[in-house]
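Colleague: Sequence:
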Amino acid sequence: MHATLREYQGIQDPEDLQQLLRDGLLAELQALPGFLAYYFVDVGEAGDRMISLTVFESQEAAQASNQLAAQWVDRWLTDNLSTPPIISLMDAGPVITSALAQGR
562 MHATLREYQG
572 IQDPEDLQQL
582 LRDGLLAELQ
592 ALPGFLAYYF
602 VDVGEAGDRM
612 ISLTVFESQE
622 AAQASNQLAA
632 QWVDRWLTDN
642 LSTPPIISLM
652 DAGPVITSAL
662 AQGR
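Under this note's numbering, read the sequence shown as residues 562 to 665, first letter to last.
No lab work stands behind these hints, which were simulated from the structure alone. Do not take every clue at face value.
[To be verified] Label pairs and their in silico Cβ distance ranges:
| hint | residue 1 | residue 2 | range |
| --- | --- | --- | --- |
| 1 | Q624 | Y600 | 16 to 26 Å |
| 2 | E621 | D577 | 24 to 34 Å |
| 3 | A662 | R636 | 29 to 39 Å |
| 4 | V656 | E568 | 12 to 22 Å |
| 5 | T658 | S619 | 17 to 27 Å |
| 6 | Q573 | S659 | 30 to 40 Å |
C-beta atoms are modelled at their ideal positions from N, C-alpha and C, and glycine is treated no differently.
Working from the sequences, and respecting the hints, build out all of it.
Modeller: So, in structure tokens, the structure goes:
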């Protein structure tokens, strides 16, 4: 497994992004081969700092998700948010250890 971590700063209302993410970016990521998981987490105050974690079966797919996400942000977030977020992208890396709840 390989994962990509992205940090978004300056999102004023993360609730506004939910539908855009579900219908747009998430649908596109799920269509990539080897997609395993996507998480979008509010780690700041009221969206000040958000992170996303995307997990794929291969490094190539994880890296492809970086390009897709960058294009999607340029296309949708810059037009749909009053202040475009600042995005820090970290390259895809191997997942060293993982765990899931039993039965999932």
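Colleague: Of the hints stated earlier, which fail here?
Modeller: No hint contradicted; all consistent.
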